[in-house]
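S.K.: Dock chain B against the given chain A, drawing on the hints supplied.
What follows is each chain in one-letter form.
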Amino acid sequence: MVLQVRFGEKFIEQGSTTERSRRVFGFGSHPLAAVGEAKRVTSADALEDNFRVIMDELLVGNNLEEIRCRGPVRLDETVTPPVTVNYSRVPVGATPDDISRCSLPNDALPSSCPGDELATCICEIEGGCMRGTTLVEEGDPVGILDNDLDGAADQSRLIDGAVALRCATGSGSSTSFDVPLNRDLSYWNPSGTQDRPAQGGFDALGPAVVIVPNSVLPTNVDCGIEFSNEVVDKEGRRACVANYSRDPADADPDDPFDPKALQPDCEEGDFSPFRFTVEPLKFRPSSPLVEGAMDVSTTAPLILETNVPIDVATATTANVTLSPAATYAVETPQSADAIVITPTVGLTANTMYTLTVTAGVTDTFGQSAPASFVLRFTTAP
Amino acid sequence: MTTARKLLIAALAGAGALTTAHLIDPSTASAQSTTTGAIQGVLTDASTGEPLVGVTVTVTSPALQGAQSTISEGDGSYKLTNLPPGEYLITFYYLTVTVERGGVAVGVSKSTPVYQKINSDDATGETIKIEDSAPTIDPTSTTQGITIDKGYIKNIPVPGRTFEATLGAAAGSQGDGLGVSFSGSSSLENQYVVDGVNTTGLTFGTVGSPIINDFIEEIEVITGGYNAEFGRATGGIVNVVTKSGSNEFKGSVFGTYQPGQLTYNVERAPVNAASIDAQRDNAYNLDGGFEIGGPIIKDKVWFYVGFAPRFQRLNITRTIKRQTDCSVVQPNGQLSRCEAGNPVDPMDPEAGGRDGVPDVDPTTGFFITEDVDRSTRTAKTDVYNTLAKINFAVSPEHQGQIAFQGLPARIESPAIFGPESSGQKASQLTTDVSAKWTSKFNDNKTEVEAIIGWHRDYVRTEGFDPMLANDPLEVLVGGNLGVFAQADRFGESARTREFCADGGADDKYPQIDNCPMDAVSYVIGGPGSITDDEEERIAGRLNVTQRLRAAGSHEIKAGMDVERNTAQKARLYSGGGFVQNFLQNDTVIVNRWVQLAGLQGSPNADGADPRFDSVCNTPNPEGTSLGGSSTLQYTCDFLEGTYGSPGTQINGETLNWSAYLRDSWQIRPNFTLNLGLRYEEQRLRYAEGLANEVDPLTGVQLGKNAMDLRGMFAPRLGILYDWTKEGRSKIYANYGRYYESIPMQINDRSFGGEVNYQQQFNNAAATCARDLDGDGVPDPQTNPDTGGVPGVDCLGASGAAQEQLIGASGTLVAPGIKAQYLDEVIGGAEYEIVDDFKIGFSLQRRWMGRVIEDVSTDGATTYIIANPGEWDASEEANLLDRIERTDDPIEQQRLQNQLFLYRGIRQFDKPTRTYTALQFTATRRFSKKLYVQGSYTYQQTRGNYPGLISYDNGQVDPNISSQYDLIELLANRTGPLFQDKPHYIKLDGYYTFDFEKAGDLTVGVRLRALSGTPQNALAGHYLYGPGESFLLPRGQLGRTPFDHTLGVHLGYKKKLAGSTTLEVYTDLFNIYNRQATAGVDDVYAPRNKLNGTVQNANPVSGGTYEDLIWVKTINNQGGETQAPIGRNPNFRNTNARQAPGYVQLGVRLTF
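Those protein sequence lines, which keep their order, are chains A and B.
First residue of the first sequence: 356, per the numbering used here; consecutive thereafter.
First residue of the second sequence: -11, per the numbering used here; consecutive thereafter.
Isolated chain A, as found in the complex (with noise of 0.2 angstroms):
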């Protein structure tokens, strides 16, 4: 089961107002986590490139994990077109001695890998895979990627669907969807134990699956994990979270992940346990704008910084306005990580001026702020 969960949330300092981002426990606890290291996040980093969900068994890696090939062995037709892929699963049961002998030269490969059950790469196309310039046979072993022939896989990478990363809109909403991942830096590792390693922090804690998003997180949602029904354990068992009951009674009810109330197994295909919360999309004024803020160049542009790239075709006027009303642009850097409002004819001076962002502005996932953004100022004599 899913024993612990590392990733970043955003936090304010105590006497300070600067936010920062720290990577907590944000599912699960450790015997060595400081206080506050292990919490129910509300506020996690939409940034977050890397949830390591730590496991207390090792899961059978080839329902997670499928490795590269010399070239397409299969297609995917899911997509419309079909395309190729480079990427095969790896039988259940193959040993690294089967990897080896499907990554011997080309030359060695009819006989050394002939397709039998536990062999990688074999060409799955009707009409035969192409292998550089070469035509290898459906049935017949394209090769594992391995250019310094050791033996072993250079690339793997996340089977599709395998791990999601899903989160809902609103909470009980009924509306939910999968953050895309990046298949080539996820991976399951099944290396590492309990014990903090040397140097190597919490995130070595193993074994462990690492989840990396293709972009940002959408913010103002509810997320958590879910694995495929195919993610088992050598028993055969699904994944799922473990669940830490107020029982029993000596559970520290102000500590959601005090170890005295795990519980020793979890339900199969219930992830439920774990959830968060990702930080909303918020503004910031990038200085000398800030609330208030007096002698305001009546020309220069107004720059609003946002913690995510937003949907840039909603930073239109329509959703950012001043008042009173003005002549202006509104416009976003290629980062889409800010909006400038750049007066097309000069702000009246001396003038207080209300710049509203509303929940037009979205990121893009089409997640709005949870309120309409407003800010103050007063224009220079």
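Take the hints with a grain of salt, since some may be wrong.
Stated by the list, open to error - Covered stretches of chain B, going by a simulated chain A footprint (3 or more residues, C-beta under 8 angstroms):
{"no.": "1", "region": "63 to 70"}
{"no.": "2", "region": "306 to 319"}
{"no.": "3", "region": "345 to 352"}
{"no.": "4", "region": "956 to 962"}
{"no.": "5", "region": "1077 to 1087"}
What the hints assert, rightly or not - Below, simulated DMTMM-like cross-link-like pairs (lysine to aspartate or glutamate); rule was C-alpha separation at most 25 angstroms, straight line:
{"no.": "6", "chain 1": "B", "residue 1": "67", "chain 2": "B", "residue 2": "255"}
{"no.": "7", "chain 1": "B", "residue 1": "288", "chain 2": "B", "residue 2": "236"}
{"no.": "8", "chain 1": "B", "residue 1": "496", "chain 2": "A", "residue 2": "503"}
{"no.": "9", "chain 1": "B", "residue 1": "67", "chain 2": "B", "residue 2": "205"}
{"no.": "10", "chain 1": "B", "residue 1": "692", "chain 2": "B", "residue 2": "864"}
{"no.": "11", "chain 1": "B", "residue 1": "138", "chain 2": "B", "residue 2": "236"}
{"no.": "12", "chain 1": "B", "residue 1": "413", "chain 2": "B", "residue 2": "359"}
{"no.": "13", "chain 1": "B", "residue 1": "238", "chain 2": "B", "residue 2": "863"}
{"no.": "14", "chain 1": "A", "residue 1": "589", "chain 2": "A", "residue 2": "622"}
{"no.": "15", "chain 1": "B", "residue 1": "898", "chain 2": "A", "residue 2": "411"}
{"no.": "16", "chain 1": "A", "residue 1": "615", "chain 2": "B", "residue 2": "897"}
{"no.": "17", "chain 1": "B", "residue 1": "898", "chain 2": "B", "residue 2": "696"}
{"no.": "18", "chain 1": "B", "residue 1": "898", "chain 2": "A", "residue 2": "622"}
{"no.": "19", "chain 1": "A", "residue 1": "615", "chain 2": "B", "residue 2": "858"}
{"no.": "20", "chain 1": "B", "residue 1": "138", "chain 2": "B", "residue 2": "824"}
Bear in mind the hints are in silico, worked out from the structure with no lab data behind them.
Ideal Cβ placement from N, Cα and C applies to all residues, glycine included.
M.R.: For chain B alone, kept in the frame of chain A given last:
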């Protein structure tokens, strides 16, 4: 402790198992002394069965100076002690009856039972001669082991010329690459005693004085159940008695010759992805010498001298090979013919051709290679065995001995994977001097024995080529032999130069690297680590034995001994450092020894000697979280130059003392209780210069003693019962606790202020570039000899990307640390079913009680020598109390840090090693020309702690290995240990055919058959290097094959004039030349992938082989990556084989 210095283990299990031992009498015995034995028994009237009082018992022997006598006691018992080992004639005088009994064998530390019935009616005046043999069982002792005598050494094919080669005959023994281990322990846990003096090597615990077999009278091997007079060993005790003079001039001239021509060729164990294979073949072993003893003054003073030089030459054949690109694998799985010149024709794969990819054998996975050239380098070892003894007797009751032994040696070891000149030469001198005195009083009921001894070992190494003496050693990782060979100074042959060169019109395989050096590094430069070490032990011992009668008979023995051990060690690299040059990555790592004055700006640093003129940087273990810098800077001194410069000589000291009391209480003649208690202490001192000073690294005021181990109470309890009441049987049980004596390697490394400074230079070509033209701009250059940056240029460079001090935090010793020990129980029985033949079985169990190892509880920053898994609660309370009472906030913080560190000790797994063995033995001692000794041992050795040797990665750092350094490396370590060999069969025997005047022919055999060694899957650790991480649970990948070997001795002896005999013999070892796998490459994920990338990996806790497909790489900063780990192309390939069959010829003239 990191493996900054490692000794590679040469050979594994089976090799040591090929040693032999002769068992006269496998019975246990209470040691009378360590060099003599005893005869004891009960005399009864043949008619009435009543004990006979007042019988005069006299013994004589060629081994005994004069005669010894005693009178039987009121219960008919008698005992004669302090008898040198040998064959005795015992004569009983009762009234007018005289009974003689010959052929009574006395062994070292053995008590031979001779029970005699005397018929007082036989008063004919003639002497009655008894022909039958004395029993072979000592019914008064529970020690387990064997005795090896001269007959065994001569007539059984012993694979070696020193006594160490004989030890393997003991049931429960096995070779472990560094020596012979006993009863599940490692070979460094033994104690070696020669003529009563401890000669165990001080630094590691190896054999300190390897004496040639021709000088030896007898060897006693105790593998368990030893009495209270023996200690400081958690393995076995090896007690060697050298020959002595007697009233007759006796001696021999001998010689042995093992020619290379009569040795089978060693089967190659090729290394995949390497262009150099090395094969070691014996050129010859030759020794000769003489030994002679006799009277100086008859019955008063005797001498014994011996001299035997030995010369060994080992031919190491270097085979240069290159990869091919000319074949393809045909559809039928067979390789095509080689056609180098043509591209592969897809339409005709049978024709072969080049495809730009090195050819691989589909059945083995090995790159296909062709031999380019072959050359031979010779390693030499010359040893000169010297022994001289004087024995003197004021009277039979008062005797003394002075002995001298010298072993000068000279060794030359050319480098193999590199120019010959990068090898080393060594000079060594081992000296032992001892003086012994024994006196008996009070009708021989009281004995006093006093021994003083001096053991010294001196070793000095130098480079093979004096011109390179001041050059740093440089290890070239990756790279291309074709490039190296172009450099004249590396000495590769013209053929290698030509056939390994890539490119050019004559390159047969232009699309591939001909001779890559991916799996094996190339070593150039100077000798590297300099050795100029001297170790010395001065010891004294006093034993008193008192026999008395009180509710049975008691033999009470008490004694004490003191040892002062000193070691002087060099800490110096030639050229000031050693360099690892990763040619494929343009990365250079420089390692130096340094001495630290203190943190920059500290009083220690500011007031330091001017020689501290450098700055050593290391990551701040607290990071920047508390507002500090990310790097700590120390004022330091690079240790370089010549040996003897400040900081390059480390002087360590250890004091040991012990006392014991033991009572062997024969409640009845056939029922004995052995009750003993031993007490030991060991004090390990800080090195000179550190003791009683403030540690510049920790700021702690050091005392004199780094570790003060007291309270080592070792009880020994045994019980025996002889149901035959004639010494022909026994049932016994014994419990004992044995403490370890910590070797002195720890004094040098942990208590000698050892600090290693490691600098990593990335983009080394630019970073280490020197300004060659003086224009102020560095001039990057490529060394044409290596194809990469000149690694030695980085020795003086700044701009290292990573710098780290290893050991910079000093070494703490956990308060309240306790000594390492194990407990043992033995139970068994022996029975002499017919004369001279006995059978026995025993069950032995040993388990570790406590271990001393170094641990790091803060991620390899600070090391604590502790008992892993435990820290005394009372010491914790003391420290808390100190913290509370301290007003100084800095001191308080320091103590708080220590409290945190010490508490972390408890999170480590407790070390475990449990040895359980069931042994069956059958022994026929030599009589009627036949000798046989056989044993079968079924054993298990399980746990997570192999002992003082880390067999898995070859590290030899007793009590400070890397096994317990980091908690993440503990995973998967529990399982069958290296010593776990479930089945071991040993059979030795010889028979002499007496052809009377034509001479006699002796045929001896030696058979060994044993289970293989458990196999593992290892990976590197980013701080600790290769082979430190158990990817899978220990032993999960099966074992090396079951192995067996047979040796034969054929000896023809002819009597010449008088007592002179001439013997010629031949020993055939491994007669069917079975060169089975003795070891395999256990490294699954090598530290350096074939493409040069450095990789590490953490254990898959409880994983199986299939899981290794998915293990991900840890980079050199300890960060996890998504890249799958690379695989060692030599994983599970044989990397060690049993020695090939060979013939040894010998001649011996005995007079």
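S.K.: The structure should be examined with respect to each hint, and the outcome stated for every one.
M.R.: Consistency of the hints with the structure:
{"no.": "1", "hint": "63 to 70", "in the structure": "violated (count 0)"}
{"no.": "2", "hint": "306 to 319", "in the structure": "holds (count 5)"}
{"no.": "3", "hint": "345 to 352", "in the structure": "holds (count 5)"}
{"no.": "4", "hint": "956 to 962", "in the structure": "holds (count 3)"}
{"no.": "5", "hint": "1077 to 1087", "in the structure": "holds (count 6)"}
{"no.": "6", "hint": "B:67 - B:255", "in the structure": "violated (56 angstroms)"}
{"no.": "7", "hint": "B:288 - B:236", "in the structure": "holds (12 angstroms)"}
{"no.": "8", "hint": "B:496 - A:503", "in the structure": "holds (21 angstroms)"}
{"no.": "9", "hint": "B:67 - B:205", "in the structure": "holds (23 angstroms)"}
{"no.": "10", "hint": "B:692 - B:864", "in the structure": "holds (23 angstroms)"}
{"no.": "11", "hint": "B:138 - B:236", "in the structure": "holds (18 angstroms)"}
{"no.": "12", "hint": "B:413 - B:359", "in the structure": "violated (30 angstroms)"}
{"no.": "13", "hint": "B:238 - B:863", "in the structure": "violated (63 angstroms)"}
{"no.": "14", "hint": "A:589 - A:622", "in the structure": "holds (16 angstroms)"}
{"no.": "15", "hint": "B:898 - A:411", "in the structure": "holds (22 angstroms)"}
{"no.": "16", "hint": "A:615 - B:897", "in the structure": "holds (22 angstroms)"}
{"no.": "17", "hint": "B:898 - B:696", "in the structure": "holds (21 angstroms)"}
{"no.": "18", "hint": "B:898 - A:622", "in the structure": "violated (35 angstroms)"}
{"no.": "19", "hint": "A:615 - B:858", "in the structure": "holds (24 angstroms)"}
{"no.": "20", "hint": "B:138 - B:824", "in the structure": "holds (18 angstroms)"}
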